[in-house]
Amino acid sequence: MNDGGSGPIIRLRRVSVGYGAECVLRDITLDIPGGVFLPFVGPNGAGKTTLLRAILGLLPVKAGTIETPFADEPPGYVAQQKAIDPIYPVSVQEIVEMGCWPLRRSRSIRERRALVERQLERFGLLEHAGKTFGELSGGMRQKALLARALVAEPRVIVMDEPTTELDQATQRMVLDTLHAAARGGCTVLIAHHGLDAIVNRAEKVCLVRDGSVRMMPLSEVHF
Amino acid sequence: MDALHTLLTVFPAAVLSGVAVALMCSMLGVFVILKRMVFIGAVLSEVAALGLAAAMVLHLPPLAGATVTTLAAAVWISRPFEQGRIPRDAVLGAMFAVAGALSILLSAHTGLGLEEVKALLYGDLVLTRRSDLAAILGVVVPLSLLLFLSHRPILYTFLDRDAARLLGLRTGAWEVFFFSALALVISVAARAAGAMLVFAYLTMPASAALLLSRQLRRVMLLAAIFAVTPTLVGLHAAIAWDLPANQLIVALMALPLLSAGLVRGATALRRASRISDQG
Chain Y
722 MNDGGSGPII
732 RLRRVSVGYG
742 AECVLRDITL
752 DIPGGVFLPF
762 VGPNGAGKTT
772 LLRAILGLLP
782 VKAGTIETPF
792 ADEPPGYVAQ
802 QKAIDPIYPV
812 SVQEIVEMGC
822 WPLRRSRSIR
832 ERRALVERQL
842 ERFGLLEHAG
852 KTFGELSGGM
862 RQKALLARAL
872 VAEPRVIVMD
882 EPTTELDQAT
892 QRMVLDTLHA
902 AARGGCTVLI
912 AHHGLDAIVN
922 RAEKVCLVRD
932 GSVRMMPLSE
942 VHF
Chain B
1480 MDALHTLLTV
1490 FPAAVLSGVA
1500 VALMCSMLGV
1510 FVILKRMVFI
1520 GAVLSEVAAL
1530 GLAAAMVLHL
1540 PPLAGATVTT
1550 LAAAVWISRP
1560 FEQGRIPRDA
1570 VLGAMFAVAG
1580 ALSILLSAHT
1590 GLGLEEVKAL
1600 LYGDLVLTRR
1610 SDLAAILGVV
1620 VPLSLLLFLS
1630 HRPILYTFLD
1640 RDAARLLGLR
1650 TGAWEVFFFS
1660 ALALVISVAA
1670 RAAGAMLVFA
1680 YLTMPASAAL
1690 LLSRQLRRVM
1700 LLAAIFAVTP
1710 TLVGLHAAIA
1720 WDLPANQLIV
1730 ALMALPLLSA
1740 GLVRGATALR
1750 RASRISDQG
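Chains as they are written, first to last, in my numbering: chain Y, 722 to 944; chain B, 1480 to 1758.
Mixed in with the good hints, there may be bad ones.
List of simulated lysine to aspartate or glutamate pairs, EDC-like, C-alpha gap at most 16 Å [to be verified]:
id	chain 1	residue 1	chain 2	residue 2
1	Y	Lys803	B	Asp1641
2	B	Lys1514	Y	Asp806
3	B	Lys1514	B	Asp1603
4	Y	Lys783	Y	Asp806
5	B	Lys1514	B	Asp1481
6	Y	Lys852	Y	Asp806
The set of hints was computed from the structure by calculation and includes no laboratory data. Remember, it's a predicted structure, so these values are computed and weren't measured experimentally.
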């Protein structure tokens, strides 16, 4: 992973965002430093997903500006909802290969294959590489999407409830993997519904509640 | 043998057009089905028929009419509808009904008889002219090359739009490209193959192939075989027994679909009985 440095890698200035006429979050100003493991926590419907989608540029802002490096350096991303229709006849290997798209000019086919294989091995998917996405269990599908998000070694990883549908052991493995990526200089933004799983992994969190966002030490968060 | 000889010597345009349209539509159909937009084939076919009828009323080249209307419809349909108040299917339904009604109304103004109107809207592959064949090959050959070169970004766009966009793909442009290609193929095929056969090519072979394989390249190959074989057999039988070719081809395309369904059902039963034996 690249070293993100300690300066802000993502800057939000007076951002308001929502759907249709409704404004979910108002006047958000936030500096997200590089190389952090930063959970976005808050009650259901508070706007965690909305904020992450706005940061990614998938949801246009109603006011304000968001500066990100994503035009030059695509982020790794795993969505909350079931993003891939299981009727597609594509293998797990092909799903992970999709994450190598930004590397198609800078890396050879052999190098890209090695990256894919490494991620398949990391998530215990090597023996399932030829199976189609629809043949996998919910947890295995989530692992395949995580492998796709990590395969191009992005500087920023954004995950929306990445441990949903995973058993306890796999949840731990996924969060440990993301935490290790952050220690290696990667910025990990993760929407998470609870605090238990992120204790001991994050120093600070972003609390999303009542239309606002506050970055604070984990120990001060109660909701 | 006589019928085969007649087919190849008297109707070579029908054979070549049928094969080209069957190949192209069956492979585009795989993506149409995977995107769960099967109805788009019926809608664009009806819109193409509307374009043909409108061009006849306005004394314009029929192909130009079909191309303009289907391209306009395809660009309109390829807009993202996720944030809209009504789903894309509702828009497709309205377009299908209006295009179907207007094409009949306009045809009535051309002074054509019922049989001619039916031929216009439902086509007859056997009667394909050399000019139709030239238009079909002129569109199908370069488009199949372009689609072969760009199948990966199109697949990624359809598979996971948000992730594809974040990876740097211009997902909106790829969707417009795919649906415009589909519209062009339908517009050139509509006059020869007709709305019903084009819709059948887009849905039935790909469905049969998806029932039998879970590997994209194999699905595309099977879909092509399940479209081309009934086309050749259907054209031959239509000449031999003096039957309507398009309807016969559609009926023949049901065979691989039914067979694939039976194979799939038998496989599922075998798997279930194996699991119960182990239990």
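Consistency of the hints with the structure:
no.	hint	result
1	Y:Lys803 to B:Asp1641	12 Å, holds
2	B:Lys1514 to Y:Asp806	9 Å, holds
3	B:Lys1514 to B:Asp1603	29 Å, violated
4	Y:Lys783 to Y:Asp806	31 Å, violated
5	B:Lys1514 to B:Asp1481	43 Å, violated
6	Y:Lys852 to Y:Asp806	15 Å, holds
Violated hints, listed in ascending order, are 3, 4 and 5; each of the other numbered hints is respected by the structure.
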